[in-house]
Structures are given as C-alpha cells and as structure tokens.
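Produce the entire structure from the sequences given, and follow the hints as far as they go.
With full-length UniProt numbering, the residue at position 85 of the sequence shown is 85, and numbering never jumps.
Calculated from the structure, these hints are not laboratory results. A hint or two may mislead.
Taking lysine-lysine pairs in the DSSO-like style, the calculated list, with each CA pair at most 27 Å apart, reads [stated by the list, open to error]:
id	residue 1	residue 2
1	K41	K76
2	K45	K76
3	K66	K76
4	K66	K45
Computed spacing ranges between beta-carbons, pair by pair [to be verified]:
id	residue 1	residue 2	range
5	E29	P80	25 to 33 Å
6	S54	R86	18 to 26 Å
7	P22	Y84	20 to 28 Å
8	T64	A11	35 to 43 Å
9	P87	E13	13 to 21 Å
10	R17	D67	17 to 25 Å
11	A11	G70	32 to 40 Å
12	T64	Y26	18 to 26 Å
13	N71	K45	13 to 21 Å
14	K45	I12	13 to 21 Å
Just so you know, even glycine gets a beta-carbon here, dropped at the ideal spot from N, CA and C.
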Amino acid sequence: MTDKTTPTEPAIEFPDRLSIEPSSPYYNEAILELDVGIRFKGQEKTNVIEYCISEGWVRVAAGTAKDRFGNQLAIKVHGPVEPYIRPRS
Numbered sequence: 001m002t003d004k005t006t007p008t009e010p011a012i013e014f015p016d017r018l019s020i021e022p023s024s025p026y027y028n029e030a031i032l033e034l035d036v037g038i039r040f041k042g043q044e045k046t047n048v049i050e051y052c053i054s055e056g057w058v059r060v061a062a063g064t065a066k067d068r069f070g071n072q073l074a075i076k077v078h079g080p081v082e083p084y085i086r087p088r089s
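See below:
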C-alpha cells in the first residue's frame, strides 16, 4: 500500500478576522507573509483592509481618501468571504 498523492502545502487555518493595519488588534504579520487573497461574493478583491468570516463582511478602501489621522477611509460591505493563499509564480 503506497500513497501516490502528490505532496501539497499544509492546510492553513485562517483567523476569523484579519487586518492589514499594524495598529489593529487583528493584525497578524505571520499570516500576511503567506500572501493571503480574498474572494468576496465570488470575485477576487485586492483592496481589502480587514475581513471577518463569521460575520460575513470586508472593509475595502474607499479610493485614495484619508481621514485626519492619515488612515485610509474604508467601507464595510456584507457578503460571503473566502480567504485563500495566492499561488506563487
């Protein structure tokens, strides 16, 4: 009995909530180094600032606008969220 399956990358347990802002309590540099991609409502989004899988929302950048503290303005949008690891080319 031999297993002829090809080795794959180990399954990654994504956190329920993840942010790209270092000041956020949901920031996790180790996970972000893996090049996490987000599919939202079946489409890949590249402007996601933060997501929550259990509540089903993403915060996306609202253009290039910034608040008075220099943080990006964001809009919270509800729908199915699917994080994944982008394949390396």
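Exercise for the section: Identify every previously stated hint that the structure contradicts and give their numbers, smallest first. Expected result: none
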